[in-house]
Amino acid sequence: MIEPPEKQFTIALAGNPNAGKTSIFNHITGTRQKVGNWPGVTVEKKEGSVWKHGCHLKIIDLPGTYSLTPFSIEEIVARDFILDENPDVVVVIIDSSNLERSLYLATQIRELDCRVVFVLNMADVARTRGIKIDAEKLAELLDLPVVFTVGNKNEGIDDLLEKAIELAESEFTPPQKRKVKYNRDLENAIASVQTMVESSLGDILSYGTRWTAIKLIEDDKIVKERILEKAEEQAQTVFEEAVRQRRLLMERFDEEPEILTTDERYGFIAGIIKEVHTTAIQQRVDISRNIDLVLTNRFVGFPIFILFIWAMFQATFTFGEYPMAWIEILVGGLSSGVNILLPDSLFKDLLLNGIIAGVGSVIIFLPNILILFFCIAIFEDTGYMSRAAFLMDKIMHLIGLHGKSFIPMLMGFGCNVPAIMASRTLESEKDRILTILITPFMSCSAKLPVYIVLAGAFFGARAGTVIFSIYLLGIVLSIITGRVFRSTLLKGADAPFVMELPPYRVPMAKSLMIHMWDRGKIFIKKMGKIILLGSIVVWGLTAFPQHIDYSLDYDTEIQGVIRKYDAYRPVSGSDLQQDIEARRDREVEELKAARAAEKAEQSYMGRIGKLIAPVFSPIGIDWKGGVALLTGFVAKEIVVSTLGVLYAVEDSTEPDALEKALASSNLTPLTAFVMMVFVLLYMPCLATVAAIRRETGSIKWMTFSIVYTTTVAWGVSFIIYQGGRLLGYA
Amino acid sequence: MQLSELREGDSATIVKVGGSGSLRRRILEMGILKGTDIYVEKYAPLKDPLELIVKGCHISLRVEEAARIKVEI
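Top line first, the protein sequences correspond to chains W and G.
When we follow our numbering, the leftmost residue of the first sequence carries the number 1, and every step to the right adds one.
When we follow our numbering, the leftmost residue of the second sequence carries the number 1001, and every step to the right adds one.
This is chain G alone, in the form it adopts within the complex (with noise of 0.2 Å):
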């Protein structure tokens, strides 16, 4: 399922960060790679963008940049 399908609370495990150039290397390079854990902490008030607790960082994305990251629960 995509991270952006995820709630507040849920936890998952990223197994494919999908999208191109140099976001996505964005995204990796922050420490969201294949086999992390994530954990969802919240969405903003408006809905987007989201926060994510990975590898203890608290780290924000658009919604549509977390719908190109698929999880598994």
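Chain W on its own, in the form it takes in the complex (with noise of 0.2 Å):
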């Protein structure tokens, strides 16, 4: 027999949340892994592939479920892939010291009908718990193969694969032994409806048709949709059998049949561990529950969760700045290279002030989100997370939320992209998308900057009591928006908070760094692009038009005044010289900075600001804080310098040179505020909505988010506005 030159096989690996699946994939792949997400829907899709036994094996990390109802992403996902793409093996991962549980989802893969591996991992965990599993017999039973490993020290990973190339070779029928066997009136039930699908289906569908009939009974939207795909005028006989035996069954037992199924498969599985599982001790005593004696204590389990956040929000934004400045320093220093390097050219200008300077205002925020991100990996790969959700979500359900979104929601207050990022740890859609609409109402650290000028200059010593107000009406937006939308927008299916407390785990630091660095490669890969362009976008409207022509000759101007100085000529070096150069100086600069104001003025992004005057006047907001939001769009810091250059405030070393020039401005205290709520609410910067557009998988919720929270700002600011006039407070 002559072997084919190369043999492929798919393994898709399969199991519970923290059964230890991720741990078991980066043992296999290494660091040869693609991430991304399964088309169509933004959950996480690992793959990864590796050469063993002379076989091209290709892994598939499914996601963590706890069944295959098609209740959440994750699990459609996980049974689509299995029963669609048909991989050559699966391998189900159970957690032994939670053996009943695990094969809950286990025994629905079986019944699936594919070739199936059934992974025993972290037995040394189970056989310190004093747990026996008799793993011969559960092979025998179950009629599959049975291995068993410790995914966190690399053990049993060799034979896993081993036996999992064997089963991909080998001739495969299903195995007929022990089946779930349902009580007498479901059996029956699945008999006639199977007799039909056999009957009118015959052949069209690729799945068996005893799975089929199980499935109609217990009501499967997805599985109809399928059959209705496939054929829709047969669909129809099959259908109204299953709707007849449904309803015999509900007659029969007062219960839903796919609640008589689940029990049923429980029974089932009770049948199996009492003759492979034994437990020598009853009521353990272990590690993971004196933990939690602590960290979720009544007393000290808030201030220590407090004190985590703290450090987390600490390391991301206080060691993250040293890292930042580097990078600062290198691009300051790509940019007065290719200053120095060019000649003058509009090229040269797009180089320096588009592209350096848009991309580099956001690859700063990269050693933030390494950081972050390391810390959730932190938090998710021990155990904390799950505890952190258990103690924030009182409150967070309030906002109609789960208590995991409580993390993204606070990282917003440091920087909205990576907050954004963190939305992923979330479950559910539903959840992930209401955390990524009113996670912009967090007002983050770059518009601080806006309002520390703004407050500055018009309310003086009460400024820190403004901008806590500000702080503060963007939570209670928030509040109001979550409510809100979750009861129109994203109604239904509030994800239910049946969560579980996993044991806590020493994290493995491969998979921390290998977690950390996904993201990061996702954030400079992803966003380089959109980020690219709205920056490029940006420079060509304030660059262009190029020729503008000057109310005043300023080269000429400026050429005036230094002569009119250097007619003096004081002793060198005396009082005199310095006082008539200091008052030169002032003076080109003054006339520099009113040509920059003019140019700025005449851009397209002034002509666009004095377009869209009539959208921000009923709100106070003229022309010039118009044009200084829009630039916002990029990063909202630069809303600062903008005002600068519209102020004319010329380069001075005196820091409150801004503050000075908007006193004494037509801007009021009163429009002041208004703009400050502008800025806090309007749509979020560039980065954060390339952010939105990737985690949302949807440029539909990106438009949303964008419209919404301008809506939101105008409506909010009109009032202010109007409200404060009449009051009288001009």
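Calculated pairs, SDA-like style, for lysine to any residue (alpha carbon to alpha carbon, straight line, at most 20 Å):
no. : chain 1 : residue 1 : chain 2 : residue 2
1   : G       : K1034     : W       : I269
2   : G       : K1047     : G       : Q1002
3   : W       : K230      : W       : R210
4   : W       : K132      : G       : G1056
5   : G       : K1047     : W       : I306
Keep in mind the hints are simulated off the structure, nothing from the lab.
Build the complex from these two chains, which are given one at a time in their own frames, with help from the hints.
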């Protein structure tokens, strides 16, 4: 017999969350893995490949689930993959210390009639807990290979791959031994639906008829849709039979059939457990419980949680400042290098003020993102994340959110980009989208400079209180938004809070690094494109048109000023000379600033600002403010520098020059406050928008977020401005 | 009585899991079934949710969800 030159097998890994699936996946594939999304949904898809025993193995990490009922996208994704992609082998990873619950998913996968290997993972933990599992018996009872592994110590992985390859190469007939046997009434119902499926649908379906019949009796929406797609006419008779059987069962048991099957499956599992599983100690005292005596304690649980979050915040934004400064120096060095090397041209301007400045202002967040995700990975891998959700759920539930939403929302006060990326930790898509929609109302650190300048200029000693009220307004609006959207747009299935609190584990360095690096890579790659494009567009709007008819011939004026002062010739080095030079420089700077202001006014950006001025006038913001807000789309701190340009603030060493210029402008405390409110609420910056696009997986939600936040910003500003005027604060 | 009426440290056996739809099925799938023994490990500091031990796993439920589960001591 001649062996084919290359054998290729697809192996899918399935299992409960926290069963150690990821560590086994990481051990098999190492760093040769690709992280992406499953088509059409935002569930993370991990894929890797490896050469073993002369075979090329493609390993797919299915989402961690407790079941295969099509309630969450994760479960649908996992089931569809097994049904449609037909992997050569499905490896079910079972937590040995948690056999009964793990077998629920394993039994369902076995019912799909595919090639299955059972992996009893974390065998060491089970042993220390006095649990003994008879693997041979289990293999014999269920007629499938069973392997022991210790995923985090890389034990048994080779054995697992060997068994998987062996199985993939074997002739396969679905094991007939020991299937889930339901009670008589259920079996009768299944049989009659199965007959209908066989006679009217025949071979149209690619999966087993018994399985299809069971799913129809469970009223599985996805399976029904599939059948309708393939055979619309015949489907009706089959459905009618299923409905009839469902009704019969409901009358008989006063219970939905899908509940009956769940019950029966657990009954089947209980039977197996009795034969293969022995526990030496009944009421165990484990370390996890002792840790939880402290970490979720009634009195110290919250203080410790706040301490951890504070530490994460500090690490992300304080330690992050050092590498941020290095990146700033690098970007600065790059731009001064370009400045020296290239002759003045439009291209140079694009490169310097468009590309380098724009991308530079975003890449600077990379250290934040890496550190934050390192911290989150620690929380998740140790098992603390679910404790955090346990502690916070009561509060977050008031906004219609899950306890886990707290972390992304809190991170929003630092920077929205990592915050929105952190929403991945939420399992339900609705929770994720809702969290993403309200996170921009958490006032990020880039908005703070704007508040400081405006509040400093108009509120003096009360600046702190005013800024605090802005933060508070953001929180209040996020609560309102959460409640409104939860009862309208994202109604229904408020994700049930049936959450496992897994045992604490020591995180593996490798897994933490992989987790962190994945996020960083996504940030650089996917964000890069949108941000580059956005920066170029904004640059183009401010740089063009190139030729402007200035109201003054600034060059001549500047020359004139220099000549005028040069006419005085005092003794060099004297006080008088210094005084004259200072005056000359100030006048030159004033002229240059006026020229820059005029250029900004006549640029396309300025023209757009004037064009949309009517939109801003009902909220008391003039065209200058409007332009500043528009440029703030690239990054919020730019609002400050644009205001500087438009109010013709000369480059000065005086730190509060802008504040003085603003104070003497036509702005009033009321309009300044409105401006701050608008900055707080209006559309998120470019990088955040890119993150929203990426994490919701749709342009629709991205657009919705932009429109919603801007509408709210305008509405609230309108109320404050007009209300303020009525009350006499003009 | 309702599961939510139990105090920390109480053990009980589940009599009926009420409620409807996906939430109910999710609870059942996590192994919280009729006839299962449960132990109330603790309530969260804000008295909601609560932590149960079921079949050796620690599972948390909201009080409003636990109120739909009937138990007997």
